[in-house]
Amino acid sequence: MKALRTLTAVLAMGLCFVSAAFAAPKAITVASDATWPPMEFVDANKKIVGFDIDFMTAVAKEAGLQVTFKNTAWDGIFAGVEAGQYDAIISSVTITPERQAKYDFTTPYVQIGQILVVPKAEKGTKIADLKGKKVGAQIGTTGAMEVKKVAGVELKTYDEVGLAFEDMAAGRIAGVVCDEPTAITYALQKKEYSSKFKIVGKSFTKEAYGIVVKKGNKDLVAQLNKGIAAVQKKKIDLQLKKKWQLK
Amino acid sequence: MSTEAKKQIIDVGDGAAIPRKSDRGLFTAWRIAFFGAIGTIAYLVWSKPDPYLNILKFVPDGIAVTFQVTLGAILLAIVIGLITGLGRISKNRFFNGVASLYVEVIRGIPLLVQIFYIYYALGTIVKVPAILSAIIAMAVCYGAYMGEVVRAGIESIAKGQREAALSLGMNGRQTMIHVILPQAVKVILPPVGNEFIALLKDSSLVSIIAVADLLRRGREYASESFTYFETYTVIALIYLIITLFFSKIIGVMEERVSVNK
Chain A
1 MKALRTLTAV LAMGLCFVSA AFAAPKAITV ASDATWPPME FVDANKKIVG
51 FDIDFMTAVA KEAGLQVTFK NTAWDGIFAG VEAGQYDAII SSVTITPERQ
101 AKYDFTTPYV QIGQILVVPK AEKGTKIADL KGKKVGAQIG TTGAMEVKKV
151 AGVELKTYDE VGLAFEDMAA GRIAGVVCDE PTAITYALQK KEYSSKFKIV
201 GKSFTKEAYG IVVKKGNKDL VAQLNKGIAA VQKKKIDLQL KKKWQLK
Chain B
1 MSTEAKKQII DVGDGAAIPR KSDRGLFTAW RIAFFGAIGT IAYLVWSKPD
51 PYLNILKFVP DGIAVTFQVT LGAILLAIVI GLITGLGRIS KNRFFNGVAS
101 LYVEVIRGIP LLVQIFYIYY ALGTIVKVPA ILSAIIAMAV CYGAYMGEVV
151 RAGIESIAKG QREAALSLGM NGRQTMIHVI LPQAVKVILP PVGNEFIALL
201 KDSSLVSIIA VADLLRRGRE YASESFTYFE TYTVIALIYL IITLFFSKII
251 GVMEERVSVN K
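Chains as they are written, first to last, in the numbering used here: chain A, 1 to 247; chain B, 1 to 261.
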């Protein structure tokens, strides 16, 4: 009798697990380099927050995925997805042909552009005006690539974009190139910088962010695309843009 | 008298010449490592020019910067080390106190933090180029270690040497310069060589303050071409070749000194 009861209990438990496995959303880990406000950064409570994080959470909800975020250094963030340390990246990643050749992207979810931030005294309005000077950008970003294209300007690469702004505040470099929302945060919204820096000109590239997935992981791309479509249909992305003050 | 002549006299006096360490056998660990590393790079470049040759073309100015930082820092660190070492054994309480405080504070803070701190702290006072502040940061850190090496070297010289010099009528300074330090150099040289190699490797930390050294050049290449594994393989091999090359030079220098025992 006792044996039977145990058996029933075990069976019931097993059933529970099986049904749970069917019902529970698939868990994925998503990497983000949380040094890029307002898209992704660490807040005063040591939590990763930002537009991308909220957006990813909404997408995951729509797509039936359970998401955990992992703060990862930008330098090597692609190597990590390739090595399978996490399933996807949401970290203001611009979709470029070079990256598309190596990794799979979801549909674009935000349009942005690169923009130049300079000290208030600077008269130049584009990178080419800063010939003979040093211009900073985060290593491996599209901003760094744009600076590199301009002959006569020396590119200095930093591990984090915040270090580039700090160096400009110290007077060592004459400009910083980064994504427009981030530039706005550093030049206009950060108290310690808003009196020192200004944004010049308009954003000079047309870029779109996508979520990165390891090459060949078509299932996840399809699932995420479904989620993105749902989020956009419900206009959740517009609410989030308002929340994080994106244009 | 030339060193060669000196060596011969000693060799004759001591009986059969003692074989130099590096002459023992063709396949020493050093040779396997050094030529193995060069051979590996050559093979990689030959078999897969893309990306290996491209990486090799991209990084040379980074190697130059790494050398610049290392050599600048080691020279400055030796000067700081000598002063600190003398301070640590000095009977002057102020000099001794300052030197000891410097050693205690610097040894207790990670190099990476020091580099960061000196770079941004200096930046608020004077506009120092990144590379110079990297050299200063490395020298300040390694000067403290070097100070301890110098102190240990001086303390290792037998008391009798000092007593003998003093009884010959030399004053304290003469004793130090003509008797103690020349002997201490022999003791100090191997650990200084060690510090040099360690400094060379640690110089990779300065890439944090946007100094375009070997590691940063590699990272720049890797992050644009997405060839992380290949790039870091080449970077590791280049560091290995450079450090092995210098360890050989230091080894030869040590032998030169020990021949004149």
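Hints listed in this document are in silico derivations from the structure and should not be mistaken for laboratory results.
Remember, predicted model here, so these are calculated numbers, not experimental data.
Possibly wrong hints are sitting among the right ones.
Below, simulated DSSO-like cross-link-like pairs (lysine-lysine); rule was C-alpha separation at most 27 angstroms, straight line [as the list claims (entries may be wrong)]:
#1 Lys91(B) <-> Lys126(A)
#2 Lys91(B) <-> Lys201(B)
#3 Lys198(A) <-> Lys247(A)
#4 Lys148(A) <-> Lys91(B)
#5 Lys127(B) <-> Lys134(A)
#6 Lys134(A) <-> Lys57(B)
#7 Lys186(B) <-> Lys133(A)
#8 Lys198(A) <-> Lys127(B)
#9 Lys190(A) <-> Lys57(B)
#10 Lys131(A) <-> Lys186(B)
#11 Lys159(B) <-> Lys148(A)
How the hints compare with the structure:
1. Taking the CA atoms of lysine 91(B) and lysine 126(A), the gap is about 61 angstroms. The hint is violated against a cut of 27 angstroms.
2. Straight-line distance between C-alpha atoms of lysine 91(B) and lysine 201(B) comes to about 36 angstroms, which puts the hinted pair past the 27 angstroms bound.
3. Between lysine 198(A) and lysine 247(A) the CA atoms are separated by roughly 18 angstroms; this keeps the pair inside 27 angstroms, and the hint holds.
4. Distance check on the hinted pair: lysine 148(A) and lysine 91(B) sit about 57 angstroms apart at the alpha-carbon level, beyond 27 angstroms; violated.
5. A distance of roughly 14 angstroms separates the Cα atoms of lysine 127(B) and lysine 134(A); the hinted pair therefore holds under the 27 angstroms criterion.
6. For the proposed pair lysine 134(A) and lysine 57(B), the alpha carbon gap of about 23 angstroms is at most 27 angstroms, so the pair holds.
7. Restraint check for lysine 186(B) and lysine 133(A): not satisfied, since their Cα atoms lie roughly 47 angstroms apart, outside the 27 angstroms limit.
8. Only pairs whose Cα atoms come within 27 angstroms are accepted, and lysine 198(A) paired with lysine 127(B) is accepted, the gap being roughly 21 angstroms.
9. Restraint check: the Cα-Cα separation between lysine 190(A) and lysine 57(B) comes to about 40 angstroms, which exceeds 27 angstroms; the hinted pair is violated.
10. Distance hint between lysine 131(A) and lysine 186(B) is unfulfilled; the C-alpha atoms sit about 52 angstroms from each other, more than 27 angstroms.
11. Proposed proximity of lysine 159(B) and lysine 148(A) is contradicted: the alpha carbons are some 62 angstroms apart, above 27 angstroms.
Going through the hint list in order, the structure does not satisfy hints 1, 2, 4, 7, 9, 10, 11.
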